[in-house]
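All chains, please: the whole structure from these sequences, using the hints.
In case you want the letters, here they are:
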Amino acid sequence: MKPGNSSGETFDAGHYQLPQQDWTCGHHCEGTPCAIGPNGSGACLVAQICTPMLSGSGWQCTRPKAFGGKCKEGPLPDPDNPDQAATCPHQPVVCQPQRTLRSKRRLITGITAAVALGFCLVILGGGSRDGTGSIANTSPIISPGELSAHHGTLEQGCAACHSAASASPLDLMSCVFGGSGGLEDSRKCLKCHHEFGEHALHPHSVSPDWVQDKQDALATTSKGHSGQQMLARLLDTHATTETGELACSSCHVEHRGAAFNLKELTNRQCQTCHSSSFHSFADGHPEFTEPKRAFLHFDHSTHLMTHFNNGKDAKGVKGAAMSCSDCHAQDATGTSMVLASFETTCAQCHAAQITDDHMPLTLRMKGTEFFRLAAEDITTQTPFMELMLLAGRDITKGSQQASIQSLTDSLITQRETFVAERLGLAPDVSLDDSLAAVAARRLNESGFFIALKHAHTALTTDAAAPEAAAAQPGGAWSLSTDGRGLIYRSRGHADPLLRDWLNLAADGLNTYPRPPATDSSGAFDRLFHQLAAPEAAGHCMKCHTVDTLPDGQTRINWNSRQIVSAADGFTKFAHGPHVTLLSSPEQAQAMGSPDNRCETCHAVRERDTTLRKPEFLLEDWMPNPDFNHPSSAGLTSVTRQSCVNCHTASQAGDSCLQCHNYHIHPSQLGER
Amino acid sequence: MKSFTQRRTFSICVTVLTAIIVLAVYTIGSGTLRQHGFLSGWILLALIVFLALYNVRKALPFLPLGSSASWLQFHIYCGFLTFLMFAIHVRFAVPNGVFECSLALIYLSVFLSGIIGLYMSRTYPRRLTDLGNEVIFEHIPVVRRQLQDQIESLLLKCNSEAATSALAEFYKDRIRPFIVGQHDVVSHLILGSSWRYRSLVRAIADQNRYLNDDERQVLTEVESLVSRKHQVDTQYALQGALKMWLFFHIPATYALLIFAVFHSVLVHAWSGGVS
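Here the protein sequences come in this chain order: A and B. Under this note's numbering, the first residue of the first sequence carries the number 1, and numbering increases by one thereafter. Under this note's numbering, the first residue of the second sequence carries the number 673, and numbering increases by one thereafter.
Hints are all accurate, no fakes.
With a straight-line Cα cutoff of 30 angstroms, these simulated DSS-like cross-link-like pairs (lysine-lysine) come out:
hint, chain 1, residue 1, chain 2, residue 2
1, A, 292, A, 542
2, A, 263, A, 214
3, B, 915, B, 730
4, A, 104, B, 730
5, A, 191, A, 572
6, A, 104, B, 915
It should be emphasised that the hints constitute simulated quantities derived from the structure, not laboratory data.
Right under this line is the structure:
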């Protein structure tokens with residue numbers, strides 16, 4: 001059968017060239033392929049078409065029918081060896097077989113794949129031309145994009161940030177599968193960014209326990225997730241290691257160009273991790289908590305509604321209305337509203353109270369007794385004397401009088417040197433040497449040793465000169481009514497002696513308050529109680545607060561709270577833009593408080609006539625050391641609603657990062 | 673049994689719906705901490721591997737892996753989806769780096785060659801059918817040789833009877849160069865014809881005036897065979913194009929697979945722990 005097409009061309013179906021064959025006859029392109037074709041290795045077979053075969057009648061032709069069948073001539077026997085060999089007289093022309101299209105395609109595919117693989121291997125294992133490392137480390141051959149401007153100056157190549165850049169090709173696979181959580185690269189970040197402390201790679205750069213506490217606290221405010229949030233959480237596993245650490249690149253995506261802001265995050269990105277999610281700042285954001293107690297005890301409501309009510313000052317004189325800007329002003333950064341000095345704000349009314357000069361002589365506070373001459377026993381000693389005696393182990397049974405006499409003599413003769421030495425010897429308490437030295441010097445500067453000498457002389461000689469001490473330079477020392485106690489009265493605000501002896505007493509306390517004890521720590525505690533009591537000289541603790549810090553140390557807040565860097569804390573707020581906004585009467589009107597613009601956010605509470613505010617004073621009227629006690633100082637707390645009026649997505653913005661920092665510096669935790 | 677139009681409409685709808693879902697997931701996912709580059713990259717690689725498996729499927733016709741036609745449909749529509757995934761993966765921007773640019777160019781060349789192949793596989797068979805007298809591609813050289821032999825035998829027969837050598841010289845100068853080999857492939861692909869053929873037809877018409885009746889009769893038969901040769905040339909060009917585009921598409925696909933796997937290794941090793 002001769003298959004063909006309608007045009008009359010025919011071909012032998014037995015000669016059909018199958019597409020999957022690798023080789024075709026070299027004569028195929030001329031249109032005259034042989035019938036047998038090449039073998040699978042691409043060798044021409046026509047030379048083997050006829051292999052003469054010796055039979056009984058001689059050599060027989062074996063040429064197949066496709067090549068013309070048996071020839072008439074038959075094989076030619078070898079003249080030298082006619083019984084052993086014969087050749088075919090019709091040797092066809094041997095061709096050079098050609099690859100079929102399929103075979104050519106396969107060959108090209110193999111070559112292409114080999115070239116591609118070779119290119120990859122060169123990138124992986126090849127060295128750079130300057131011999132400084134692998135191509136992967138220094139060459140722009142692999143580059144996911146330009147670095148941000150801040151990191152663009154890194155000159156160490158990829159290895160500065162990527163462990164894989166310096167890994168061998170074999171080690172690369174361990175990098176792929178993240179040898180130790182894949183955080184090696186993040187630890188490289190911390191070589192420069194070491195400001196985040198030991199928990200740098202934990203969420204928010206803080207202890208996981210702290211985060212968990214916050215999450216637990218906020219869990220009850222969850223409003224559930226929106227559809228988008230649920231899908232986003234489904235897509236994002238925000239993988240952390242077993243220790244809960246998170247790679248820097250989870251949030252900070254590099255290689256997006258010089259102008260890319262690495263700190264840019266969307267609200268949804270923040271809420272991806274948060275177990276307590278909400279839809280927006282206006283819808284679902286937790287209410288603001290009450291602010292913690294201030295550094296200074298000051299009641300705004302009393303001052304604004306009583307002392308300066310209706311435009312009258314404390315003495316009832318009109319025209320002395322109090323406004324916020326009388327005491328508060330923006331700092332240089334526009335972040336905080338800082339408090340003006342005591343002399344500017346408080347001195348007019350309170351300076352005289354500190355020295356008791358406003359009181360009649362008979363009603364003045366008795367001051368603070370530092371020393372008692374000729375004390376009969378330990379119960380009549382002052383805390384100061386107790387410290388001096390304990391330090392030297394001078395007290396022995398039956399010799400108290402002698403010890404006190406010896407102490408008095410030493411103070412008169414050796415003065416501040418003796419005090420500093422005794423404070424330095426105080427057992428069981430590690431005192432700050434500089435504090436002790438300063439405290440001793442303050443005694444000298446105040447005229448204590450001269451006053452002591454005069455009082456001692458007057459007492460021992462029965463001279464009637466009890467007021468002699470008060471006439472000495474400084475003039476703050478006086479004798480008690482029985483003529484045996486040496487009493488100190490404040491010389492004014494920020495009295496150096498009271499301030500530094502309070503600092504010394506606070507430094508001597510490991511914890512505060514501490515029950516009185518017989519050891520030296522108890523002596524410091526009693527000294528602190530004496531100086532911090534409401535009736536003590538200077539009445540320092542009437543305004544200044546005392547904190548017990550997380551490490552157990554006691555700190556006296558001599559200044560108002562100054563926010564050093566809002567960028568370090570979890571929440572940040574800049575008063576500047578808001579004050580500027582409210583300074584426009586139109587804006588203030590729009591905010592609903594045209595008269596007192598600060599009160600838009602900080603409204604004055606109803607007047608509280610309670611004298612003892614528990615957040616500042618304990619029941620014994622001593623300072624409350626718990627700074628976590630909330631207190632708005634006579635003002636209403638700022639509410640979320642007051643912010644929501646402006647801060648929406650379409651107005652002033654409601655991005656999480658507008659008010660919150662992701663990274664919280666360790667110094668801000670537990671601090672105020 | 674669904675009609676061809678129904679099947680195509682269904683496939684297109686599924687593809688468009690999938691693309692919309694992918695875009696929606698990308699839009700939402702781009703707002704999370706998850707870097708979508710890894711997700712889109714893995715999806716893209718999986719799609720490319722699936723597309724490459726079509727070639728394997730064709731090599732294993734004896735396995736019950738579904739019909740080749742079904743595989744081709746998946747190949748086509750998944751191929752379109754890869755372009756969307758690619759655009760998402762490169763963040764709709766030109767990549768940096770020699771390697772990344774090479775990878776992107778290889779992908780784009782594979783995609784574009786696929787588009788061209790799809791166009792050819794949808795239009796050329798129809799043109800081949802319209803041409804008629806279809807010849808198997810591998811057999812075209814034989815047919816071409818047969819046509820040449822037929823023409824030469826006609827001319828030899830005529831030359832032995834004619835007194836002039838005008839026809840023989842005309843064959844030598846004009847017909848034989850056309851008969852031998854393949855010419856004007858691009859012209860055949862685009863126009864479906866060859867300027868050489870048109871020129872030769874005009875020359876044959878002009879040659880008639882110099883021939884006697886017998887020679888003119890032979891030349892008429894030769895013209896018919898020349899027309900048939902032209903048809904074969906067109907078939908060769910069309911069938912050749914249908915086969916030759918794979919000479920780029922398939923090797924480039926393997927290069928793409930190798931580059932993509934290497935790219936995956938690099939990005940995971942360089943991921944900084946977020947992959």
